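There are 2 protein chains.
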Amino acid sequence: MKKARFIYGNGTTSADLRYGSGFDAPDDFLYFESDEERVTIVSTLEFDRARSAVPEECQVRNLSDFGQVRSPAELIAAVAKTYQIGEIAVPQTFPLLIADELRRRGLSVTPVAGCFYPQREFKTPAEVVKILAAEAIADLAMKTVAEILGAATIDDDLSLRWNGEILTSEILRGEADACMIRRGALPDGTIVAGGIHGACPHCRGEGTLFAGQPIVVDIFPRDLASGYWGDLTRTFVKGKASAIVRAAHDAVTEAKLRAEDRVRAGANAAQLHQYAASILEKHGFHTGIDSDGYACGFFHSLGHGVGLEIHETPRLSSRNNNNLAGGEVVSVEPGLYYHSWGGMRNEDLVLVEKESCRVLTGTPEYFELA
Amino acid sequence: MKKARFIYGNGTTSADLRYGSGFDAPDDFLYFESDEERVTIVSTLEFDRARSAVPEECQVRNLSDFGQVRSPAELIAAVAKTYQIGEIAVPQTFPLLIADELRRRGLSVTPVAGCFYPQREFKTPAEVVKILAAEAIADLAMKTVAEILGAATIDDDLSLRWNGEILTSEILRGEADACMIRRGALPDGTIVAGGIHGACPHCRGEGTLFAGQPIVVDIFPRDLASGYWGDLTRTFVKGKASAIVRAAHDAVTEAKLRAEDRVRAGANAAQLHQYAASILEKHGFHTGIDSDGYACGFFHSLGHGVGLEIHETPRLSSRNNNNLAGGEVVSVEPGLYYHSWGGMRNEDLVLVEKESCRVLTGTPEYFELA
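The listed protein sequences correspond, in order, to chains A and B.
Read in order, the letters of the first sequence are residues 395 to 764 in the numbering used here.
Read in order, the letters of the second sequence are residues 395 to 764 in the numbering used here.
Read the hints as simulated data drawn from the structure, not as lab findings.
Here the structure is a predicted model, which means the values were calculated and not measured.
Hints are not guaranteed to be accurate.
If chains are identical, the list can't say which one is meant, so a pair holds when it fits in one copy or spans any two.
Below, a list of computed lysine to any residue pairs in the SDA-like style, where the Cα atoms sit at most 25 Å apart [stated by the list, open to error]:
{"hint": "1", "residue 1": "K524", "residue 2": "E564"}
{"hint": "2", "residue 1": "K397", "residue 2": "A605"}
{"hint": "3", "residue 1": "K748", "residue 2": "N716"}
{"hint": "4", "residue 1": "K397", "residue 2": "Y413"}
{"hint": "5", "residue 1": "K634", "residue 2": "T476"}
The whole structure should be built from the sequences, with the hints applied where relevant.
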């Protein structure tokens, strides 16, 4: 009896499955790899498509080859029997019900703690090209946003008007998203958050946009052809920013650029985070809980890995004491959030190199738009 | 020690989590419910947003309330201790690594086979309204597709031309997707498959579209505000269809409409599938493997439940011998696929009612466009 690594799911729920099998499908399917073979097992519905998608060295089998199986556990048990596999390693997110059933049938099932494919953290040149392509789509969408905010006019009550209509978060997001999806990238949750909505980092934003307020625009498209993500944030002000918003912009931009200056192989993730945080502090922006009980200041991490997942290893957070090794693609995104005036975040994607980092983002440092 | 039901994940990977907690976030979070309480536990980053999203009877706790936890298993163990919980039921997809760790710590962890919330299968009036809203967005996108195909001209080589350009699957999909995303719905994998591409039911389609060929358009937007899906397919021919494609259209349309006539509380799912299959057979369209080894005919199931997941219980498949109970929302989508001429699928969403079904789709029976 031999050992093998199994993944069960689909390319949307499991980046590892897409990475390992080279295939993606809307419905769950099975993939396993051993020292002797790599096999993707799909239904008749996906069989032809899988055959033309998987790498040459991989086999595709039809699940009907394994008899009348009535559940994923029965399928995996039948596959294990066919290939004489007795020990199975699975991703940490492997479904518990299937694992329990396989164990009852006498198979050894071990979840792999951490990354199932640790090499996913370090991008090959081909992967960097795919991330660049996704980030270029984010750049285009951000350009669309800047053009619309630039073309917008300001009504007497400071609300923005574009194309004859009041300009809302929903409309501006719709234009950015339309730009991305026309290029085959899926924008799953674009943030266009003006004023107070921007004080909550994951609020998507809603309603009328106004002159003078910061408008946080966070764009993260997944290129559907490759499965890789881009990630990009800028904060705009239509017209003139208040003194505090300008100060926040200067602090965040300085923190981003100076942190990027320190990103390289050997840099410590937690120290990068602390360094950016210290720059924000030095500018007078404190992190904590405000008098109304809201979190304020810089209360998320400086960045995260980006690849087949929008949030993946490594995290540039105060809790990650590892050093960067080179080859990672990470976001660098300091932010400030206060319920008194809103949010300010500025984010690039960078590739960690030996002596420095390579910025993969092409968008300029937007801020005030006349 | 009491019992509770725990869900860990995010609203994209777990429809149950969104259903139970009423909340959605891009990063993983924890929810549990017992006889005494319903609690959502999120990071500081999501705390304010969660507080305003969850139902009134639910609490939101900050994960920092549970000490310095370094993993989801530590968090769940700390929560279980705080709330004196000794037995945990989880969805069948609960991550194995967390379950193993909790069991090592002495907690009983049991995956619930099948639906974690069986009531998700039966839609409340409020849920039907949400599905209707999503389906209405699909209807609008299909109208856009029909308008573009109607406006397209035919070049000498039969390729379609629109807006001064050769019309491709990518362009037509982009316009449909832009329509949906502008309305706040996420179209994750729209199919626009012309000719031979349509012979593979899950091929998204690519390249130039031609007159005379069947163009399968399958649109399934998720309304991001509610999380509910719509699902809609039509097959178009620009210009005149060949005799075989017309015969396939007639067969599929008859199978769909006559199957819908039989959808009601008490109808047997497998029999509905077999009934549609028999109509296709009667029209002379056989299911099996063609001389080149490709699956052909009607080789997927007649339909599937739609709600917070695009594919959910119940399946209208030959393997589901259950009767419908009323309150389900299901797709009805017979299809035919042959490598000799392409694909033909026609799909509505319907609500199962006591004596009949209510069609939730507003799109007409498109086919040939002049």
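Hint check:
Proximity of K524 to E564 under the C-alpha cut-off of 25 Å is restricted to the inter-copy arrangement: shortest distance 18 Å between copies versus 29 Å within a copy. With identical chains, the CA atoms of K397 and A605 are never at most 25 Å apart, being 62 Å at best within one copy and 53 Å at best between copies. Taking the shortest alpha-carbon separations for K748 and N716, only the intra-copy value of 16 Å comes in at or below 25 Å, while the best inter-copy value is 61 Å. For the homomeric pair K397 and Y413, the shortest alpha-carbon distance inside one copy (20 Å) is at most 25 Å, but the shortest distance between copies (38 Å) is not.
In this assembly of identical chains, the alpha carbons of K634 and T476 never lie at most 25 Å apart, being 69 Å within a copy and 50 Å across copies at closest.
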